[in-house]
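Asker: Heads up: the sequence lines are chains S and X, in that order. Counting from 1, one number per residue, gives the positions in the first sequence under the numbering used here. Counting from 1, one number per residue, gives the positions in the second sequence under the numbering used here.
Just so you know, the hints here were simulated from the structure itself, not pulled from any lab data. Each residue gets a CB set at the ideal place from its N, CA and C atoms; glycine is no exception. You can take every hint at face value.
The following label-pair restraints were derived from C-beta to C-beta distances:
(1) X:T27 - S:G81: 56 to 62 Å
(2) X:C92 - S:G91: 42 to 48 Å
(3) X:T45 - S:D113: 43 to 49 Å
(4) S:P40 - X:F46: 22 to 28 Å
(5) X:T55 - S:T193: 46 to 52 Å
(6) X:E8 - S:K59: 34 to 40 Å
(7) S:V208 - X:T55: 49 to 55 Å
Below 30 Å or equal to it, Euclidean Cα-Cα: the simulated BS3-like pairs (lysine-lysine) are:
(8) S:K135 - X:K98
(9) S:K59 - S:K111
(10) X:K91 - S:K181
(11) S:K151 - X:K91
Covered stretches of chain S (chain X as the covering partner; in silico rule of three or more C-beta atoms under 8 Å from a C-beta of chain X):
(12) 1 to 7
(13) 11 to 18
(14) 88 to 100
(15) 144 to 154
(16) 178 to 188
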Amino acid sequence: MENRVSIIENILGANDRIALDNRQKLDRAGVFAINIMASPGAGKTSIIEYTVKQLLSSKKLAVIDGDIATSLDADRAAAVGAIAVQINTGGECHLDAIMLREALSKLDLDKIDLLIVENVGNLVCPASFQLGTHKNVLIASVPEGDDKPYKYPGMYRGVDALVINKIDLLPYVSFNMDYFKRGVEILNPNVATFSVSCRTGEGMQGWVNWLLERIASN
Amino acid sequence: MHELSVTENLLEITLRHAQKASAKSVTNIYIVIGQLSSIVDDSVTFYWDLIAKDTIAQDAKLHFERIAIRLACLECSHEYQPDGDDLSCPKCHSSHIKILNGEEFFVEAIDIEN
Numbered sequence: 001m002e003n004r005v006s007i008i009e010n011i012l013g014a015n016d017r018i019a020l021d022n023r024q025k026l027d028r029a030g031v032f033a034i035n036i037m038a039s040p041g042a043g044k045t046s047i048i049e050y051t052v053k054q055l056l057s058s059k060k061l062a063v064i065d066g067d068i069a070t071s072l073d074a075d076r077a078a079a080v081g082a083i084a085v086q087i088n089t090g091g092e093c094h095l096d097a098i099m100l101r102e103a104l105s106k107l108d109l110d111k112i113d114l115l116i117v118e119n120v121g122n123l124v125c126p127a128s129f130q131l132g133t134h135k136n137v138l139i140a141s142v143p144e145g146d147d148k149p150y151k152y153p154g155m156y157r158g159v160d161a162l163v164i165n166k167i168d169l170l171p172y173v174s175f176n177m178d179y180f181k182r183g184v185e186i187l188n189p190n191v192a193t194f195s196v197s198c199r200t201g202e203g204m205q206g207w208v209n210w211l212l213e214r215i216a217s218n
Numbered sequence: 001m002h003e004l005s006v007t008e009n010l011l012e013i014t015l016r017h018a019q020k021a022s023a024k025s026v027t028n029i030y031i032v033i034g035q036l037s038s039i040v041d042d043s044v045t046f047y048w049d050l051i052a053k054d055t056i057a058q059d060a061k062l063h064f065e066r067i068a069i070r071l072a073c074l075e076c077s078h079e080y081q082p083d084g085d086d087l088s089c090p091k092c093h094s095s096h097i098k099i100l101n102g103e104e105f106f107v108e109a110i111d112i113e114n
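Can you make the complete structure from the sequences, with help from the hints?
Answerer: Right, dumping it as structure tokens:
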């Protein structure tokens with residue numbers, strides 16, 4: 001005999017529950033954590049390097065790096081003075097809450113003020129998996145093109161801060177900032193936005209100040 | 001391409017509810033996916049055949065119900081389906097909008113044999 005069983009259960013509910021555990025663990029230790037997402041080459045690792053250098057004298061920092069293979073990014077974070085943990089996802093295109101839980105177990109959280117999680121470079125999959133960090137941050141970059149908010153609404157909708165990197169290249173690429181920002185505004189009107197060049201340092205102080213305010217009020 | 005993780009979660013949810021209902025087998029699984037959730041049905045079906053093998057759900061047929069994007073304008077209250085990439089209100093052109101439908105991603109029901 002065939003029977004219908006009504007379920008109504010979120011398919012990623014298990015991930016969300018572990019993300020909540022991660023958040024509680026971070027909160028108990030007084031760690032403020034951010035999840036940095038972007039497409040490959042947008043400047044995630046460079047912005048993390050810059051941020052670590054700016055904050056290292058006043059804050060205790062750790063970086064968790066997610067990559068399909070290699071520890072190149074964690075090595076760069078460690079080289080500028082952060083405690084660094086590498087997660088190799090073994091082909092998975094995103095970090096999930098279980099991977100972050102495993103990485104957190106390798107850190108002495110009581111000795112950390114700010115934890116930066118560098119997600120796998122990808123504008124699709126990471127948006128679906130909450131990790132338990134306090135804020136989600138997206139790094140866009142000018143050479144990617146001004147249509148990205150329209151093409152990746154899930155990613156642009158779910159973030160608390162948006163860093164637009166490589167603005168020093170604006171004279172050389174066709175990127176209509178008004179068109180880009182209109183796409184963002186529709187999806188995410190309250191997102192904190194920073195236009196920066198990590199290479200020249202332009203605009204980076206605004207981003208660093210935003211982080212310092214969040215750490216202070218955590 | 002995170003369909004493998006998604007399919008693993010789908011199998012876990014299915015088997016947990018099937019066992020609770022003392023099922024001998026699962027025949028159908030009904031999944032609801034909003035157009036804003038980036039999931040490819042064929043890919044889920046592909047992984048399903050691999051990971052559901054040798055479980056009571058191995059012969060289950062997957063049914064995907066797609067929910068269209070539906071938006072509400074917060075300025076003029078107009079409800080509409082967006083046309084192409086432009087999500088702004090077609091009536092008053094406001095960009096202050098709310099998503100009513102399109103973000104769904106859940107298992108609605110399963111059919112089981114006892």
